[in-house]
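Going down the list, the sequences are from chains A and B. Residues 1 to 176 (our numbering) are what the first sequence spells out, left to right. Residues 177 to 470 (our numbering) are what the second sequence spells out, left to right.
It is worth saying that the hints were derived from the structure and are not from the lab. Bear in mind the structure is a predicted one, so any value in this text is a computation, not a measurement. Some hints here could point you the wrong way.
These stretches of chain B come out as covered by chain A in the derived footprint (C-beta under 8 Å, 3 or more residues) [said to hold, decoys possible]:
(1) 194 to 200
(2) 297 to 310
(3) 338 to 352
(4) 374 to 382
(5) 404 to 414
(6) 429 to 437
Straight-line distance between alpha carbons at most 25 Å, and here's what the computed DSS-like set of lysine-lysine pairs gives [said to hold, decoys possible]:
(7) B:Lys380 to B:Lys421
(8) A:Lys90 to B:Lys185
(9) B:Lys297 to B:Lys260
(10) A:Lys7 to B:Lys185
(11) B:Lys185 to A:Lys94
(12) A:Lys90 to B:Lys189
(13) A:Lys94 to B:Lys189
Beta carbons are placed, not taken as given, at the ideal position from N, Cα and C, and that holds for glycine.
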Amino acid sequence: MKIPLNKIIRPFLITLIFLIILEIISSSFVPFLGLTHFYIPFNLVILFYLAIRLETSFTAVLVFIIQYFHSFFTIENWAIGTFIGILICKVVAKFRDLIQISSYPLTVLVVQIYLISWYLANSLFIYFQSGGKTIFFGRFFTTFLEGILASLISYHLFSLLDKIWFAGKEKELGGV
Amino acid sequence: MVDLEIVEKNRLKLAIDILFLSISLYGVSNWSPKNEIISPFKSVMINITASLQSGLNTVRSNIHQGFDNYLLNVNSSKENFHLKKKISLLENDLFEKEEIGKENDRLRTLMNYEKDSLESKIIAKVVSWNSSSEFRVLRINKGAKHGITIQSPVVTSNGLVGYIYRLTNNFSDVLTIEDSNNHVDGQLERTRGQGVLEGTADGKIIFKYIPKSEPVIVHDLVITSGLGNTYPKGIRVGTVSKIEKDSYGVTQLIEIKPSVSFDKLEEVIVLKMPEDKKKELEELSKANQGEEAI
């Protein structure tokens, strides 16, 4: 959906608040249930939603802001996330018409593929930067499990984001 | 006319993409795995979000206590409702006191943590964990305002936790020894053999550069060696849990089980170095760097 800049600001601010709430819950509530090394990458799921739903010249700015806000909760370098995010969002946008998130199984599949692609791109980037081979394979299983959980809830997350972005409007892409 | 508009938009899109890709590459080149100096805006935002995390943590703790109280009281007889209420109140009080007692015991143990070094200690509560499984970082409720500085060592009565990676006025992020960016200079207590402890991507801690000739055995205690200017000497890190000796190479692969149970961490101690000792270490570090340069 093509959205002018002035129509982006309000829903984007709400999306940011939504992200902050999810990050706070996942970083301070879930770990004390014993899951200290298991996180759902909400920032990546939100970035996927923005890439697939919005046609705007400012995707790179949105990616940067999402990754920067995510860095309040992690020591993860926002810059790597922004770099990979911009490139992956470009690819997702190119295949926007082919990617279907209209049904639950399709959404799960597409989000899982997207998250694995992100993991591979991120590992490759770190490998070229520091030569850490263990990073490439060491976390694959954990990331895969996190990705499954993220993709399982992504359909419902997208429904909520649809309400934020397209409240009272007709959805254009046969939305969820 | 329409075509011209599309071309203009595409140019704008390309320009924004290139600008932000360049900014992010610049950010990558400036990133340090050792520590992070944060901007005032980020500091304010971390303080706000960490306060919310701390609040949620308190709510969780209260719910947990409330649930325990409910379980304690659920079997009481209905016939003695008033009596039960009274008992329940007393039990609630007792439970709270027990919890306070347990907390006091834990804090007392922490306070009794004896080291022959001159560091003063700051006790802090764990507020949250890093929001990405790639890193092993925890957030504590004490910051620069309480006298904590970047790279201050963090311990518990059981052993080493890590060091302060990122700092705001009221909160700090601790890079634990399980993280692959954290390198600890360690030493085998029994044989005095020295090496480097490093976290791996799959959450293990390995002890590197120990020669094959070193007679390491399982359950050997590993302590900090004091080299590297980050951790004081003699802090317990963990015990040897696995040894692998390949037929090739000069070193052996040693896996360490940390002394600290990271999944159950609630309070930690930040060791605050005295100014004169800190300056001494900085000067020593500069001198070493100078020698290396020569």
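Hints versus structure:
no.	hint	result
1	194 to 200	holds (count 5)
2	297 to 310	holds (count 8)
3	338 to 352	holds (count 4)
4	374 to 382	holds (count 4)
5	404 to 414	violated (count 0)
6	429 to 437	violated (count 0)
7	B:Lys380 to B:Lys421	holds, 18 Å
8	A:Lys90 to B:Lys185	holds, 15 Å
9	B:Lys297 to B:Lys260	violated, 45 Å
10	A:Lys7 to B:Lys185	holds, 17 Å
11	B:Lys185 to A:Lys94	holds, 16 Å
12	A:Lys90 to B:Lys189	holds, 11 Å
13	A:Lys94 to B:Lys189	holds, 14 Å
The structure shown violates the earlier hints numbered 5, 6, 9.
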